[in-house]
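Each chain is listed here by its residues.
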Amino acid sequence: MSAAPEPILPIPSGTRDVLPDETRELREITESLRAVFEGHGYGEIYTPALEYEAVLGRAGDHAARPAYRLFDEAGQVLVLRADMTVPIARVASTRYAQAEPPLRFCYFAHCYRGVRPQRGQTRELLQAGIELIGAPAPQGTAEALTVLCHALSGCGLEGFRVGLGDASLYAALLSGLGVGNEDGARLLERLVHRDFVGLAEDVGALALSGADAEVLLSVPQVRGGPDVLDDLPGPVREAAAGLHSVHALLDPEVADRLIFDFGLVASFGYYTGAVFEVYDPALGAPLGGGGRYDELLGRFGRPLPAVGFALGVDRLHLALAGEERARAQAAAGGGGAR
Amino acid sequence: MTPMDGLIIAVPRGALFSDTLDLLDRLGRDTSEVRANDRKLLFTDIGVITMRPSDVPTYVEAGAADLGITGKDVLLEQAGPNAGRAARALYELYDLDYGRCEMVLATVAGDPDPAAEALRRLGVVRVATKYPRIAAAHLEGSGRQAEIVEVKGSVELAPLAGLAEAIVDLTATGTTLRENNLVIREHIATATARLIANPVAHKVKAKAIDELLEVLRAEL
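Going down the list, the sequences are from chains A and B. Just so we're aligned, residue 1 is where the first sequence starts under this note's numbering, counting upward by one. Just so we're aligned, residue 1 is where the second sequence starts under this note's numbering, counting upward by one.
Watch out, some of these pointers could steer you wrong.
EDC-like, lysine to aspartate or glutamate: derived pairs with alpha carbons at most 20 Å apart [claimed, not checked]:
(1) B:K205 / A:D256
(2) B:K207 / A:D227
(3) B:K40 / B:D22
(4) B:K205 / B:D45
(5) B:K205 / A:D227
(6) B:K40 / B:D55
What the hints contain is simulated information worked out from the structure, not anything from laboratory work.
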């Protein structure tokens, strides 16, 4: 029998300590990413983890909602930032108010969210990402996707794919088929919850022709190579044309990574056009994502189109470790289930 | 060795087990080894792992399985609005339409209904259940105060022994309820077997999943 364990000194749920062996590996990842970001002309910036709620709140209700609030000595409400996109929109509108666009920034920063802690998802998460401000679609989007793929390759990830969709696509489809706002919101909610069974029920309850109902059900399940962009129903052709023009600007090594996905809905309401999500078969959850947010900067007083992405460094680390394990298994004679 | 399409499916043991194996046979996976082995859990040759139904979403969400089959009752309970948890990150792809059950609120037969009586006189009803989040959401949603008592075993016992006035439970035929002198007072939801998918597998293995769905639609 061992002695009773010492009482522990807890840390908040969803946070963790990172010790030297792991820190060395994380450092290697962030150094690789930084080299790629800097190589593409993205300058690294720091902003405060704490900001005024009233200032970040200008991003609107649909931005990542801060989960932690506190008061300063003057009674002002402070929040811990939930992402870096909104603070960088503030920086671009103030420190670079007169600068000639495009502006290119990268960051490595901890953000804070009230998520349910699970593998690779913590309440304090280290994000690595870029923001490209003042570069419209499709050129800006193509540049962001290119930097994204170079960055992931640069840190040694092999099997990754990038899902590319359009935040306005399903909404355009709904209004094109004459679905009212209230019904449409309910269908979008089903998509956000990835519930195709519920979507089928709700679409079935609408007074639509069989063909229109089929379009509402099948379009969000379309995903695959560039061939899925052809042969689409009228209302989504415009959004698809946007994706086509992005695709046409990409080098083959980047284009081959894409999965066009018409079911991809924006995780944050400030996304306006292209949205993307990063996958790796070695991890069951996305490594990160991004998209266009052409209207966000205007809320901070400098209307410029913009695009960016953020990667979860912990998840990237898990995916790299997963790929390494899969390679070792394959070398040992193909054992294991995958 | 994995099956041709490379998909790993989480299969629930229990009430949905035999219907699920029949379905897999029709989808071209030979499940005879699964049927012959009560103890074995992992069948890599046909891409099947077996587990209790409530563990299926956990394996699928983490990506340990690409697809899974489980009851809507399990999905509802794990996505319930209480306890402040976000819904699970899973695709609910298809209603397989077997294993049909009703989630109901039941009390001891007779008039007045003991649950209504408890609410009228004591202001709160005690509800025993294996589905605390579905039960809490249902009662809260209908404006009633409830004390949810979570039990792991035979729920029918609770009102008979005086632990609770009502139960929220899943019933297929109603036989167990009748045998215990309980009557259904309210229907909460209908539950059937659902096909669920990991969100990353749904994208990176889109072709294999869509092919399986197509066969499924033709078979059902």
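Against the structure, the hints come out as follows:
| no. | hint | in the structure |
| --- | --- | --- |
| 1 | B:K205 / A:D256 | holds (15 Å) |
| 2 | B:K207 / A:D227 | holds (13 Å) |
| 3 | B:K40 / B:D22 | holds (18 Å) |
| 4 | B:K205 / B:D45 | holds (18 Å) |
| 5 | B:K205 / A:D227 | holds (16 Å) |
| 6 | B:K40 / B:D55 | holds (16 Å) |
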